[in-house]
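A.B. asks: Residues per chain are reported as follows:
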Amino acid sequence: MRKDGILYTVVFSFIITFLFVFLLALANEGTSGIVQRNQELARQKAILSAMAIPFRTDEEVNTLYKAIEILDKEGVRFYKSTQGGKTIYAKEFSGSGLWGTITGILSVDEQVSQIVGIQIVSHNETPGLGGRVADPWFKDQFRGLKVKNGRIHVTFGAEAGSGKANKEEGIADGITGASRTSQAMDTILNGELTVFKKILGGSR
Amino acid sequence: MTAKDLKKISRENLWFNNPIFIQILGICSTLAVTNLLTNTLIMTLGVTFTAAFSNLTIAFMKDWIPRKVRMIVQVLIISFYVIIVDILLRAFLPEISKSLGPYVGLIITNCILMGRAEAFAQSNPPIPAFWDGLTSGIGYMWVLMAIAFVREFLGFGTLFGFPVAPAWFPQWTIMVMAPSAFFLVAILLWIAKNRMTGGKA
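Protein sequence lines, in the order shown, are assigned to chains A and B.
Read in order, the letters of the first sequence correspond to residues 1 to 204 in this note's numbering.
Read in order, the letters of the second sequence correspond to residues 1001 to 1201 in this note's numbering.
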């Protein structure tokens, strides 16, 4: 068969594509269990850390997660945990960032007067810029951030850059060089606070 | 192919024909991922791995590849290794996979991979081709790490995420953003060219 003939070219392309795609499919299948377990573990860890429940090992995560109560209210799933007489709630959130959907966990106290914590589960923001939403310094700003008049504020643009939150005033510092992502977080979190307030705030 | 030839290849790829300095390839990722050292290191390791193994594979198969579909086959092999890297990261290093996000997939479009496949692997035996891919990747890596070092230090006051700058140190916002990489790449190019030519244009 001529190497530059059409038949050889087609057969060669077919075989080579089939072979490599097959190997990829195998690799994907082989690791899908691990990937899934990683994702589930990451989700449970995110819920625990958002609710400020400390954990050390993966086994601990499992036990602690089982102790969390799951409530379905008005079609919205809430996670409820009581520690030291205080009840806190958490909820998964998702909203659009700059490039794709940002998903995570937001946790608040019973009165929705203070954020307990946030965690980011997945995002497609620019690494090194908007991708820093998942960095500890950004997330830690929300620990104990006061909710003022049902809202918080994430700074963006020229007002961002101090690197510190004003917890009493409910103002978190946005990410330098990632105004759109900071703005998205502001919109997403405030939207979630409204849901918390509406469903949980009205029931007592 | 002797040890001397291999040494020549590495000298070329690391300095005299450096992918960034001379071939001006892979500039897009140089601008995009170099504001944090950790991301830069993982990304360039991915590029190095892919360049080495795609070169090796292409060099092995080159006699069977019809000329007409040669580039398509090269892209196929490159994407194969990139997706393997992505799958491995997702399964075994989920944290890093998360922080790199879409950039792993974008290794496919890194011009160095295509460049080396077409310029070297297509016409050389497997072992030198592997070595060429590996050293090209390292040539790319050290330049990017140098840029990331400056950008992370001046932009965030940290190195590999550890704070090293004193508290009063002002963070240069521009260093965090892509434009600063333009200046730094240009300055580095200028210095490197100057050294190579001994100041003569």
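A portion of the hints provided could be inaccurate.
Unchecked claim - Within a straight-line C-alpha distance of at most 25 Å, the following computed BS3-like cross-link-like pairs (lysine-lysine) qualify:
no., chain 1, residue 1, chain 2, residue 2
1, A, Lys3, A, Lys66
2, A, Lys146, A, Lys167
3, A, Lys86, A, Lys167
4, B, Lys1098, A, Lys45
5, A, Lys73, A, Lys45
6, B, Lys1068, A, Lys139
7, B, Lys1008, A, Lys3
8, A, Lys3, A, Lys45
9, A, Lys80, A, Lys66
10, B, Lys1098, A, Lys3
Unchecked claim - Covered stretches of chain B (in silico footprint by chain A; criterion: 3 or more residues with CB under 8 Å from a CB of chain A, positions within the stretch not fixed):
no., stretch
11, 1017–1024
12, 1074–1085
In short, the hints are calculated from the structure, not lab data.
Small disclaimer: the values here were computed from a predicted structure and weren't measured.
Every residue, glycine too, gets a C-beta built ideally from N, C-alpha and C.
A.B. asks: Does each hint hold? Answer for all of them.
C.D. replies: These are the hints, each one checked on the structure:
1. Lys3(A) x Lys66(A): Distance of about 63 Å is beyond 25 Å: violated.
2. Lys146(A) x Lys167(A): The hint holds at about 6 Å.
3. Lys86(A) x Lys167(A): holds (20 Å)
4. Lys1098(B) x Lys45(A): Holds, because 15 Å separates the two Cα atoms, which is no more than 25 Å.
5. Lys73(A) x Lys45(A): Holds, at roughly 23 Å.
6. Lys1068(B) x Lys139(A): Given that 25 Å is the threshold and the Cα spacing comes to 52 Å, the pair is violated.
7. Lys1008(B) x Lys3(A): violated (33 Å)
8. Lys3(A) x Lys45(A): violated (56 Å)
9. Lys80(A) x Lys66(A): holds (11 Å)
10. Lys1098(B) x Lys3(A): violated (44 Å)
11. 1017–1024: With 0 residues closer than 8 Å to chain A, the stretch 1017–1024 of chain B misses the three-residue bar; violated.
12. 1074–1085: Per the Cβ count (5), the hint holds.
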